[in-house]
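> Residues per chain are reported as follows:
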Amino acid sequence: MSARLTTQSVTVRFHGLTALEDVSISLDQGEILGLLGPNGAGKTTLVNVLSGFTRPSGGTVKVNEIDLTRARPDVLARRGIVRTFQSVRLFQRMTVRENVQVPVFAHHAGSVEGEQAAQRALEFVGLAEESDRIAGSLPYTQERLVGIARALALEPKFLMLDEPAAGMNDVEGAQLVELIARIPAQYGCGVLLIEHNMPVVMAVCERLHVLRGGRTLASGPREEIRRNPDVIESYLGGH
Amino acid sequence: MTDSVDPRRSSPAAAASLLWIGRVARPSAALIVPLLVLCIIIALTGAPRLESIMTEALIYVVLVAGLSIFIGNSGIVSFGHVTFALIGAYASAWQTCCGPMRLIFMPELPVWMATAQVPLGLAALLAATLAGFVALILGVALMRLSGTAASIALLSVLFVFKTAYENWDGWTAGQSAIVGLPTYVTLWVALGAAAVAILIATLYRVSSYGLRLRAVREDEAAARASGVNAWTQKLVAFTISGFVAGLGGVLYGHFLGTISVSMFWLDMTFLTLAMLVVGGLRSLTGAVVGALFVAALRECIQVFERGISVGDNLLQAPEGTREIVLAIVLLSILIFRPQGLVGELEVGERR
Ligand SMILES: Nc1ncnc2c1ncn2[C@@H]1O[C@H](COP(=O)(O)OP(=O)(O)OP(=O)(O)O)[C@@H](O)[C@H]1O
Ligand SMILES: [Mg+2]
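Residue numbers (UniProt numbering), protein chains in the order written: chain A, 1 to 239; chain B, 1 to 351.
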């Protein structure tokens, strides 16, 4: 059965500042949903809520009808709700293979299946050759790919990618997008993609959700968003 | 998964377990065999002084290996592990000390314990297990902490236990020493214990538990996002390292034949930490190398403290030189080679 990850009216306040207000989204297994918004719009905060790192001041997070609003990050990760970090955050002094084995062992400790899941994830992102290198010695682009492989090794149901192409050049970015587009078919998961590059987003996401100042500005199929006057004015206008 | 054995599955599984045995055996042997050779050489020289120096150094290998299981994999510097050596040493004394004198030193021991003659090996095992158990109980609360907060909390554990043991007269003889412990810790017993400690530390390090704790050490948030329960992983390492440190305490008591609470205090804390830092905080090889290196260094300085005659003159270093030189060595290492003598290296391990 296909699952659906939803937030209902999520609100996050940090002291006086409201980072998210009344945000409801849904992500289905098998689809790629684009999450857009200018800097400080609350995109990362939303991922933090979905992955259990930030407790919302109001609202709920659910998978189907199961309430996961107060679940810990590690529990959510083991249940298949997995995120990457805008700043990558690899295990620097460990090898690439070990980086990808950590999530695998969180599932099935030391088994042959586990080794295979790690290997599969590395092959998928094209880094099987680099598996004995120390993560801290990798160039930036490969670092980001290891971050994605590490997330995929958990065999997610829902995968949240926080600006995976940040800092890459156009060619690398295009390759990465092509890779991301293949994730739902390969892993059967839903992908939430945060990305600033509009052509990229329009190319791979059937559905988009746009935030501004912590509120939902627009949400729907990409053609609709592309024509939405609010979005054009406040977000697309500048590009 | 079915219960029946699938013949196609058994061969990769067998290959994997062989691989795993190799991953434990190779690095353990790479540390144990040189120690064995060193012991044989020392035994052949037949110098009792040298033998006792090496025995003590091997006991420190046990203590520092215990420390390294926790510190090396978690990245949390523990100022409290000597507590477990203290617990182990006293627990062994309760079971094995000094025949009829036992009730004179420790009058409040329950009768069954005061009269029990537990075999020495079993007593050591039970004592170390108690230390590991206390680590488990303390860890349930303490392992919620990270970084400096955890280090300070662990130091306070040492203070609490020292005070408790010093005032728990009926079980510990308070501030006075307990003498007459069976001194069964020969060079070979110490070597055997060091081998066991190295094996335990290696098993833990190459296990999925060690890997997950190192992930927490590198980046706790990323580890949690990868499904790792940081608290559980720290607790596992803390318990195992408490057990090994407890074993070190048992050995120390039965090496000297006497124990007092003040033996397990800041001197030992500083010395064992210095050994680990000098060798390399994040490596078991570093723990072993550091323990031997610092033990040897201390011995050399002590020779000077006692005085050596050059021609007609007696060259003598003043009392306390040992601590000062050790501090200087430690500082130099911290400044010039902060990763320790061996850094991240693990002998016998392929990266
Ligand atoms: N832990 C925190 N404490 C206080 N304020 C925070 C915290 N995390 C985020 N904020 C604030 O919440 C708002 C939303 O931040 P968030 O990181 O979610 O934006 P973003 O859409 O991911 O932006 P960017 O494109 O720069 O990554 C910002 O104003 C930010 O300063
Ligand atoms: Mg962000």
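Heads up, some of the hints might be wrong.
[Stated by the list, open to error] Residues on chain B that point at chain A, a partial pick, calculated with CB under 10 Å:
| # | residue |
| --- | --- |
| 1 | R144 |
| 2 | T148 |
| 3 | D267 |
| 4 | E344 |
[Said to hold, decoys possible] Derived Cβ-Cβ restraints for the label pairs, each shown as a range:
| # | chain 1 | residue 1 | chain 2 | residue 2 | range |
| --- | --- | --- | --- | --- | --- |
| 5 | A | I66 | B | F270 | 32 to 38 Å |
| 6 | A | D28 | B | A13 | 35 to 41 Å |
| 7 | B | L122 | A | Y140 | 38 to 44 Å |
| 8 | A | D22 | B | T129 | 28 to 34 Å |
| 9 | A | Q92 | B | R144 | 21 to 27 Å |
| 10 | B | R337 | A | H15 | 40 to 46 Å |
| 11 | A | R227 | B | A16 | 53 to 59 Å |
| 12 | A | Q116 | B | E344 | 51 to 57 Å |
| 13 | B | G192 | A | Q92 | 52 to 58 Å |
| 14 | B | V160 | A | Q92 | 55 to 61 Å |
Everything labelled a hint here was simulated from the structure, so no lab data went into it.
Built from N, CA and C at the ideal position, the CB exists for glycine as well.
> So, for every hint listed, does it hold in this structure?
Hints versus structure:
no. : hint                         : result
1   : R144                         : violated (13 Å)
2   : T148                         : violated (20 Å)
3   : D267                         : violated (32 Å)
4   : E344                         : holds (7 Å)
5   : A:I66 to B:F270: 32 to 38 Å  : violated (52 Å)
6   : A:D28 to B:A13: 35 to 41 Å   : holds (37 Å)
7   : B:L122 to A:Y140: 38 to 44 Å : violated (57 Å)
8   : A:D22 to B:T129: 28 to 34 Å  : violated (55 Å)
9   : A:Q92 to B:R144: 21 to 27 Å  : holds (24 Å)
10  : B:R337 to A:H15: 40 to 46 Å  : holds (44 Å)
11  : A:R227 to B:A16: 53 to 59 Å  : holds (56 Å)
12  : A:Q116 to B:E344: 51 to 57 Å : violated (28 Å)
13  : B:G192 to A:Q92: 52 to 58 Å  : violated (37 Å)
14  : B:V160 to A:Q92: 55 to 61 Å  : violated (36 Å)
Comparing the model with each earlier hint shows violations of hints 1, 2, 3, 5, 7, 8, 12, 13 and 14; every other hint is respected.
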